[in-house]
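J.: So you can see what is in the structure, the chains are spelled out below.
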Amino acid sequence: MKIHEYQAKELFKQAGIPVPEGEVVETPGAAYDAAKRIGKPVVVKAQVLVGGRGKAGGVKLAKDPDEAKEHASSILGMDIKGLKVDKVLVTEAVDIATEIYIGMIMDRSCQKPLVMASAEGGVEIEVVAKENPEAIMRLHVDPLFGVQPFQSRGLASKLNSDFNLVRQIAQIIEKLYTVYDRADASLAEINPLVITKDGRVVAIDAKVNIDDSALYRQKKLEELRDVSAEDPGEVKAREAGLSFVKLEGNVGCIVNGAGLAMATMDLIKTYGGEPANFLDIGGSSNPEKVIAALEIILRDPNVKSIFINIFGGITRCDDVAKGLVTAFKQMNLNLPVIVRLTGTNEDIAREILAELNLDTAATMDDGVKRAIELARS
Amino acid sequence: MKIHEYQAKELFKQAGIPVPEGEVVETPGAAYDAAKRIGKPVVVKAQVLVGGRGKAGGVKLAKDPDEAKEHASSILGMDIKGLKVDKVLVTEAVDIATEIYIGMIMDRSCQKPLVMASAEGGVEIEVVAKENPEAIMRLHVDPLFGVQPFQSRGLASKLNSDFNLVRQIAQIIEKLYTVYDRADASLAEINPLVITKDGRVVAIDAKVNIDDSALYRQKKLEELRDVSAEDPGEVKAREAGLSFVKLEGNVGCIVNGAGLAMATMDLIKTYGGEPANFLDIGGSSNPEKVIAALEIILRDPNVKSIFINIFGGITRCDDVAKGLVTAFKQMNLNLPVIVRLTGTNEDIAREILAELNLDTAATMDDGVKRAIELARS
Amino acid sequence: MSILIDEKTRVVVQGITGRDGSFHATQMMDYGTNVVAGVTPGKGGNLFADKVPIYDSVGEAVKEAQANTSVIYVRAPFAPDAICEAADAGIKLVVCISEGIPVRDMARVLPFIRERGCRLVGPNCPGVISPGAKVKVGILPASIFADGPVGVVSRSGTLTYEVVFQLSNQGLGQSTCLGIGGDQLIGTNFIDALTLFGEDPQTKAVVLIGEIGGTDEEEAASFIADKVDKPVVAFIAGQTAPPGKRMGHAGAIVSGGTGTAKEKIAAFEKVGVPVAKIPSEITGLVKKAAPNLSP
Amino acid sequence: MSILIDEKTRVVVQGITGRDGSFHATQMMDYGTNVVAGVTPGKGGNLFADKVPIYDSVGEAVKEAQANTSVIYVRAPFAPDAICEAADAGIKLVVCISEGIPVRDMARVLPFIRERGCRLVGPNCPGVISPGAKVKVGILPASIFADGPVGVVSRSGTLTYEVVFQLSNQGLGQSTCLGIGGDQLIGTNFIDALTLFGEDPQTKAVVLIGEIGGTDEEEAASFIADKVDKPVVAFIAGQTAPPGKRMGHAGAIVSGGTGTAKEKIAAFEKVGVPVAKIPSEITGLVKKAAPNLSP
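Chains as they are written, first to last, in the numbering used here: chain A, 1 to 377; chain B, 1 to 377; chain C, 1 to 295; chain D, 1 to 295.
To be clear, the hints were calculated from the coordinates, so they are not data collected in a lab.
Quantities reported herein were computed from a predicted structural model and do not represent experimental measurements.
Positions of the beta carbon are idealized from the N, C-alpha and C atoms, including for glycine.
Where hints are given, some of them may not hold.
[Said to hold, decoys possible] Restricting the straight-line Cα-Cα distance to at most 30 Å, the calculated cross-link-like pairs of lysine-lysine (DSSO-like) are:
1. K270/C - K60/A
2. K112/A - K8/C
3. K158/B - K63/C
4. K8/D - K277/D
5. K287/C - K204/C
6. K112/A - K227/D
[To be verified] Output of the computed footprint for chain B on chain C, the stretches with three or more beta carbons under 8 Å from beta carbons of chain B:
7. 55-62
8. 76-84
[Unchecked claim] Label pairs and their computed distance ranges (CB to CB):
9. T195/D - V271/C: 46 to 54 Å
10. D229/C - P301/A: 50 to 58 Å
11. D50/C - I96/B: 37 to 45 Å
12. K277/C - D347/A: 53 to 61 Å
13. G90/D - E248/A: 47 to 55 Å
14. E355/A - R200/B: 58 to 66 Å
15. I191/C - R217/B: 51 to 59 Å
16. G284/D - E248/B: 57 to 65 Å
17. R299/B - G284/D: 36 to 44 Å
18. P232/B - K158/A: 52 to 60 Å
19. I191/C - G244/D: 53 to 61 Å
20. R350/A - R200/B: 57 to 65 Å
21. P232/B - D30/D: 43 to 51 Å
22. G90/D - K277/C: 32 to 40 Å
Just chain A, same shape as in the assembly (with noise of 0.2 Å):
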């Protein structure tokens, strides 16, 4: 789960990391009385959860608040990379003299959490990866024992010369920790944390991914989470407990199983298709899931034909198959739809299918090939 930028900085703040003077605002007049109440040149900056927004035009600098109303009112309501912005954080702008990047996730490879470290912040740290990588230090973290301060201390002193500042940057590292560590994050990232040209460290920009699976135990953030800045189709399926990520393309697929489900997206492409989107709808062949599947894809107007792709394992092809048959007796098609499915009792469930006078295919690749040529008629 994400988290906006002002919310990530709310959890700095509670761990002690410095932040500057900010209020988050949903109009231009909230704007301008922010600015005027900070009473310096700040910075209007449009809180969407995707990168980019900079380069988009979404974060602007107002020496005072006539100009942050005006940014705002550009700002607010614009589209960035297909998301609303519908707020803005108006914060204090402060004079930088230097910028660094910090940021944790976890090592998959050393099953470890790392903290990365660069002296240039500001730029995508994936950049900095793969155009200088030795420029990135590197720490890995034993997940007891924490971030000691020797660690963080040696890593601020690979970033900084002079040892004020290398104390405030240590300081920075173990709360940054603290705050991935509790916050059960999957990315906590400072992108620029800023020596101010007064000597002060401070984080200017704020990123904090929360790991889903661990949002039963971390309730007070999931509150943060802000339904209206995401896909509509992805809030639907995480409410219907389903796996889903909209595409770009024409071709709508219906899967049981994550790696099945790529496959079929993948295969989709191979045969010349576009995929509409994943969607992963587990090992159940409950109706309700497959209703929930059926009207989320049918909100995206690009889709012209739907897969179903079901492999019967435990759960058997021909359960799978009565499953369908309500689900489809209950809605109201208008689009081709084809159905596959193999494995246990299959023999049974296309019996079962024939009563719905659907297309069926007996391979995923002959599946694929119709759904193809159906989104193309």
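Dock chains B, C and D against the given chain A, drawing on the hints supplied.
T.: What follows is chains B, C and D alone, placed relative to chain A:
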């Protein structure tokens, strides 16, 4: 540092360990009011920082507020092992079905926290340990990973066979460990943990000692220190940065170093005397510390002579001697003092001390013998 | 022969009284697995299916029923503790089916169990099956498997069944099929599985089914180049997955520009491991890579 | 010969710019110790006493000055981190003088450093001195020591000096004298020291100075019975200490009825280790136990 039962119960409550309702009061009238508010039979319990209050008559059951007042008036002001009772805890009496023991300490040999539990609660664990050692269940805890649910469940299931109670006990074990760990406790103990006749599990006593070395970061706990309930000499010694323990004998001693101080006490006993105290002034030659040490010892009317035993190592004997001279010049001592200084520059030291007309001794043995002699005369 | 499980496997089912646990305990037993015990704290003393003793703890299951392998069906919030309990009780192989365990928990659990000499398969995996020994530990549908020379290792569930179904239909039975799980942190990775298949005399060829996310496939490719003599055929799912989006599995995500299918396919091709473009090519590639296997 | 430290010892002083650190760094160098570096974060780049380079981290001291032994004089709140830093930098022997480290910290530090193959002496100890090699690491007063055949190991500071003073005066020099520290959790215990003295050819007899608290002496007594061939003489301080009271040292406390001097003395006597009743008896007992040592 020891804290009172009612303070430890407050820590328990914060951690979610069930404790009976109770109030700490300082007058019989307040005990009456507390018992009335509780509205059930209560137990009136002396709050003293020493064990054995039950045997001393410091814990009494009262069926109504009048009886609570009566008991409070008999317990308040009572002397328990040299400590005056000035607070009682008035607490709801519970119907006890079973009593359990749970305690946590640091196992010095394994260098890990150790949870001890016994189905025989309410008795001294030392007695159980000696007479029926296999009745004590032991669980070593990884200090970083903490008590895991399967471990607490495993331990609890050896204490009871009803799974509903096992679950409650297991949670209390986990919570007590949290108290132990977060408070930097050297001991966290519930004795007894009671299973009530109506199937609840309640901590009816609570003992938490804090690691003195950790008090620098346990400011809130240090505020719980009840100086009035401690030996005044020990309070003064702590303030002066000295290590002091009052004993029952008549030969006072001031020594540099804990091991040497213990050996000096032992030597006094060996030669037929009785040490009045343990007192370690540490490695410094600072006259202030000597003055504080003498003042602490002089509070004790039993003391008849004082033996100052210093081994000069890095701190040279001549420096120590100068410190003694400064200290003695400021004090008005009516007691015989024997000084023994050995080590680096001991000859110069002896010359310096000559001006004080003090008894000096060449060895620990001689000094101790002389001090005993003077204490007798 | 097989890897990880065989006739000596004595299974304790953690969460045997739950919906999934009881269903799959029965399925495992029907297939031939020696399920010797179940564990559900608080339900100790009862019997499952009138014959399998239920205990309150894994410790008892090990002591009383000589269980040596555990399979876990408990819900995610309780699964990390279940894994630790099994390892602490001396179980040497734990198969964790449970899905949705927080990454933070697994980072703590893995060192704990490794210190105790315990191997974990999963979590969020379908388990392990050895058709020759008629033993399965997990949720794989037994009917599609056949005894034979192909080792299968995969991060996926149904995609694996799809591939196995084709293999079996084409006469290519399996020595052992192992689902290592779709999470970011897992107990057994491709290299571990390849090592075991390398040592297993029954296994003559290996099918490796990877997917986007992480670098386990890249590391496996290097390992194959250095240490594996048997033919390996690979398939990678998620070539069309957009970056930054989790594709069902917690571990199936391209983030920070790493973990793409393209890189993984390139890594295998670089060391001469044939990579199937689509699942239906896998069987043909296995027959080509190990012609002597053809029935 | 000696144990733990010798001519090859290259010392880094952690906290070299502090009051105690700078004083004792000078004392160590005056005695002959090869102090190759100091560490005080933020003071790197300066020189101590015009010759010893100061670094910001132990890592640099190891890399730039080939330090292999560390001695720590920083205040208790910072000492656990200093110990971990030294171990993580590859230092194999850390002597921690700092007093007052919380027990909870040491319980976390000890596994961390052991994983890294590092030995800790202390904390809250006077350190180690090997008079024959003219090396000391710690705060022991060099002038009272003499080269010779007696190994001394003790939980105490000045009591050790008292005993060493008598030994030296009676012609019984020391191979190495080692203060293991007065805390509850320490890095090197009596058994470790006895093992090292057992292997050291210079050491012909050992004086062991214990005190109340814990069971380290009891465990040492069993160890001596099983594994130590050289004569050992013991002394235990705190026979008159009341239970439940901390006698200066954090570890010197009789609690829960264990750790009494009586039990410790009995444990030694049971295995034939002579126990001095008073400190001045020690020298005589050593001469009696190892008559060939008499000068």
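J.: Each hint needs a verdict: does it hold in this structure or not?
T.: Outcome of the hint check:
Between K270/C and K60/A the alpha-carbon distance is near 47 Å, which puts this suggested pair outside the 30 Å criterion. At roughly 34 Å between alpha-carbon atoms, K112/A and K8/C are farther apart than 30 Å, so this suggested pair is violated. As the CA atoms of K158/B and K63/C are separated by approximately 16 Å, the hinted pair is consistent with the 30 Å bound. A C-alpha spacing of about 38 Å is found between K8/D and K277/D, which places the hinted pair above 30 Å, so the restraint is violated.
Between the alpha carbons of K287/C and K204/C the distance comes to roughly 11 Å, so the proposed pair stays at or under 30 Å and holds. For the proposed pair K112/A and K227/D, the alpha carbon gap of about 41 Å is over 30 Å, so the pair is violated. Judged by the Cβ-Cβ criterion of 8 Å, the stretch 55-62 of chain C is covered by chain B as claimed, because 4 of its residues qualify and three suffice. Counting residues of the stretch 76-84 of chain C whose C-beta lies closer than 8 Å to any C-beta of chain B gives 4; at least three are required, and the coverage claim holds.
The beta-carbon spacing between T195/D and V271/C, approximately 49 Å, falls within the hinted interval of 46 to 54 Å. Range check, D229/C to P301/A: about 54 Å between beta-carbon atoms, so the 50 to 58 Å window is met. The beta-carbon spacing between D50/C and I96/B, approximately 41 Å, falls within the hinted interval of 37 to 45 Å. For K277/C paired with D347/A, a C-beta distance near 29 Å fails the hint of 53 to 61 Å.
Taking 47 to 55 Å as the suggested C-beta distance range, the pair G90/D and E248/A conforms, at roughly 53 Å. A C-beta distance of roughly 59 Å is found between E355/A and R200/B, which places it inside the suggested range of 58 to 66 Å. Between I191/C and R217/B the C-beta distance comes to about 44 Å, which lies outside the given range of 51 to 59 Å. The hinted window of 57 to 65 Å between G284/D and E248/B is violated, with their beta carbons roughly 32 Å apart.
Evaluation of the 36 to 44 Å hint for R299/B and G284/D yields a pass: the beta carbon distance comes to about 39 Å. Remark: the range hint 52 to 60 Å for P232/B to K158/A is upheld by a beta-carbon distance near 54 Å. Between I191/C and G244/D the CB atoms are about 56 Å apart, so this pair conforms to the stated range of 53 to 61 Å. At about 60 Å, the beta-carbon gap between R350/A and R200/B stays in the expected band of 57 to 65 Å.
Between P232/B and D30/D the beta carbon distance is about 44 Å. The supplied range of 43 to 51 Å therefore holds. Separated by about 49 Å at the C-beta atoms, G90/D and K277/C break the suggested range of 32 to 40 Å.
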